[in-house]
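Just so you know, the sequences run in chain order A and B.
Residue numbers for the first sequence follow this note's numbering, beginning at 1 and rising by one.
Residue numbers for the second sequence follow this note's numbering, beginning at 1001 and rising by one.
In case anyone wonders, no lab produced these hints; they're calculated from the structure.
Check before you lean on any hint, since a few could be wrong.
Stated by the list, open to error - Some residues of chain A that are not near chain B, with every Cβ distance over 12 Å (derived): (1) Gly-172; (2) Ile-179; (3) Phe-209.
Stated by the list, open to error - Cβ pair distances, simulated, as ranges: (4) B:Val-1180 <-> A:Leu-173: 41 to 51 Å; (5) B:Gly-1076 <-> A:Asp-264: 37 to 47 Å; (6) B:Arg-1075 <-> A:Ala-53: 51 to 61 Å; (7) A:Phe-202 <-> B:Ala-1071: 51 to 61 Å; (8) A:Leu-56 <-> B:Arg-1124: 39 to 49 Å; (9) A:Asp-280 <-> B:Arg-1281: 56 to 66 Å; (10) B:Asp-1313 <-> A:Ser-203: 52 to 62 Å; (11) B:Arg-1131 <-> A:Ala-199: 42 to 52 Å; (12) A:Leu-56 <-> B:Ala-1071: 51 to 61 Å; (13) A:Pro-81 <-> B:Arg-1124: 40 to 50 Å.
What the hints assert, rightly or not - These stretches of chain B come out as covered by chain A in the derived footprint (C-beta under 8 Å, 3 or more residues): (14) 1012-1023; (15) 1153-1160; (16) 1251-1262; (17) 1284-1291; (18) 1294-1301.
Quantities reported herein were computed from a predicted structural model and do not represent experimental measurements.
Ideal Cβ placement from N, Cα and C applies to all residues, glycine included.
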Amino acid sequence: MAGSTPASPTANSTVDGGGGLSKAQASVSPWAEAWRRFKRHRLAYWSLWLLGAVVLAVLIGPLFYKVGINDIDFKSRLSGPSWTHPLGTDDLGRDLLARVLYGGRISLAVGFAAMLMAVTVGVFIGAVAGISRGWVDTALMWVTDLFLSLPQLPLLLLLIFLFRDPLKNLFGLELGIFILIVVVIGGFRWMPVARLVRAQFFSLREKEFVEAARALGASTTRQVVRHILPNSLGPVIVAASIDVAAAILAESTLSFLGLGFPPDIPTWGRILYDGRDYMDVAVHWALFPGIAIFIAVLTINFIGDGLRDALDPRRVL
Amino acid sequence: MFSYVFRRLLIALPSLLGISLILFTVLALAPGDPFEELAQNPNVPAEVRLALRAQFGLDDPIWQRYFHWFANMVRGDWGFSFVSRINVDTLIWQRLPVTIAVIGLSQVLALLVALPVGVLAAVRPYSWFDRIASSVAFVGFSLPTFFTGVLFILFFSIYLGWLPFVYRADLSETGWAWWVAQFKQSIMPIAVLGLFQAASWMRYVRSSVLDVIRLDYVTTARSKGLAERVVVTKHVVRNALIPVVTLVALQMPAVFGGAIVTEQIFRIPGIGSLLIDAILRNDTPVIMAVTFVFASLVILFNLIADILYGWLDPRISYR
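All chains, please: the whole structure from these sequences, using the hints.
Written as structure tokens, this is what we have:
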């Protein structure tokens, strides 16, 4: 399959092609090598640019496009895209571009925050299970399997229903719901990461370099933090990128079911949910937020695919 | 084989117990009181409220309440809906068949699409068919079900006017006309759910077939002079399906999530929309029961997948 492609840019200068990265004379760092492979995945590369553009638009767009998300303009209700309202307006005449830009901040923030939460929990549980083995491992994996077989969406809905009001009182409306949604979505996405990390630990802890560290008297913590964990991060990064997409989807699903953020905070899912009832007269209302979700999820999935190619050491590309 | 099924059953039971424990803990930890509305209602005297609390055991220690609740769940006594004023189990039994039918048929559709497409794509990797199928699959599972549902309604119901966009449980037609109407109103929900599943399954099938097709025994089968069709269907696919079954089982919770969304979009009177209604109306007994039913369904499907797994790969059931 590899054909005439060299295993890595350093393959020709070293005796063995496979382990070229660990050689001291390798002039290419592992990250540059990964970046080189990532760029070969055309779709992933362009997705990165597109996603970057979306993130940039969402972050600095509202600074330039100064139309309020709640500015009501009854003269142009439900009007389609035009020069004054590039994405049209909703039933109260609120500008959809402003709302989609603002909603994107929340949707993307939820995606990244929930991913961080899932990865943190997953890495911690996977690392503890992988290094301790024995009954700790068995118990943790039982919990992981249990969480994997939970019906996630019903439980998400249940948790949000039960804890929405107290958190709202505790942290205020917007922040309270944000924390709740991030914790709940992240709390149901850590299992694949935990399994990945555990599997990585099982193979890495028997490798020579870890054995060497152990022989030199490195403590278990040091072995884990300095030696095993950094080497097990490749698959975790891939899983993390997919998790961002999944979290964005989960948040928009919740909003779409009317149980995410409250109606006055526009997220992509919420705008789509509101626009759904006006589809026969104002297609644009439901269409644009939907396209925004689709682009975000698609590009993130492609980037994940590219990262898999770039970070998988078995791949020869 | 029998002892294998039995062992799987023994593993499924603790997970059911674990799920019930999680469910109950969530409910017990949650602030608020299911009798809050009763407490605010001036027409309900305090004695009645206290009697009700005692009857439901709300003042007992928490572990007693758990056992009480779990025993009731197992016995089929699922309580009384606050809103519709009928027993929760009657309510669920009314709604369950529709959900099962929609989920089941959409899975069949997903299988019918994913299996041939995935196998064909893997038999000729990087051909134009493979490229197109893989790209479409990628787009397919990046499209959220609620968005495809909306697009389908927009195109088939509003633009073309071919299909109804509201699912009706009480069709007025009889005989053949009933079947036609039922078919027409079921196409979109089943397609939305099924195609989403098909997109991710197709990728599993493709990569799994790609792993198997290079193995030596496949070369042997070819060198025996077997037709390519026989090699693929009899030798490759059966072994390639083994990892796919596991992945499909792992996806079951997501399938039920998708079913809730689809039921909500097309207003299908299934248990998913029952759950949403119950949540919006604070109907705690219904919420608990529906979530428990979903959990049991997930475990049931996992069990089926495990048994299928044992049938596809006899080595596993002898372990």
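Hint by hint, here is what the structure shows:
1. Gly-172: 17 Å, holds
2. Ile-179: 16 Å, holds
3. Phe-209: 29 Å, holds
4. B:Val-1180 <-> A:Leu-173: 41 to 51 Å: With Cβ atoms ~49 Å apart, the hint holds.
5. B:Gly-1076 <-> A:Asp-264: 37 to 47 Å: Hint holds: Cβ distance 43 Å, inside 37 to 47 Å.
6. B:Arg-1075 <-> A:Ala-53: 51 to 61 Å: Given a distance of about 58 Å, which is inside 51 to 61 Å, the answer is holds.
7. A:Phe-202 <-> B:Ala-1071: 51 to 61 Å: Violated, at about 41 Å.
8. A:Leu-56 <-> B:Arg-1124: 39 to 49 Å: About 40 Å separates the Cβ atoms of A:Leu-56 and B:Arg-1124, which means 39 to 49 Å holds.
9. A:Asp-280 <-> B:Arg-1281: 56 to 66 Å: 28 Å, violated
10. B:Asp-1313 <-> A:Ser-203: 52 to 62 Å: 24 Å, violated
11. B:Arg-1131 <-> A:Ala-199: 42 to 52 Å: Violated, since B:Arg-1131 and A:Ala-199 (Cβ atoms, about 31 Å apart) do not stay within the stated range.
12. A:Leu-56 <-> B:Ala-1071: 51 to 61 Å: With Cβ atoms ~57 Å apart, the hint holds.
13. A:Pro-81 <-> B:Arg-1124: 40 to 50 Å: 43 Å, holds
14. 1012-1023: holds (count 5)
15. 1153-1160: holds (count 3)
16. 1251-1262: Three-residue rule met by the stretch 1251-1262 of chain B, so holds; n is 7.
17. 1284-1291: That given contact holds, which follows from 3 residues of the stretch 1284-1291 of chain B lying within Cβ reach (below 8 Å) of chain A.
18. 1294-1301: holds (count 5)
Checked against the numbered hints above, the structure violates hints 7, 9, 10, 11; every other hint is satisfied.
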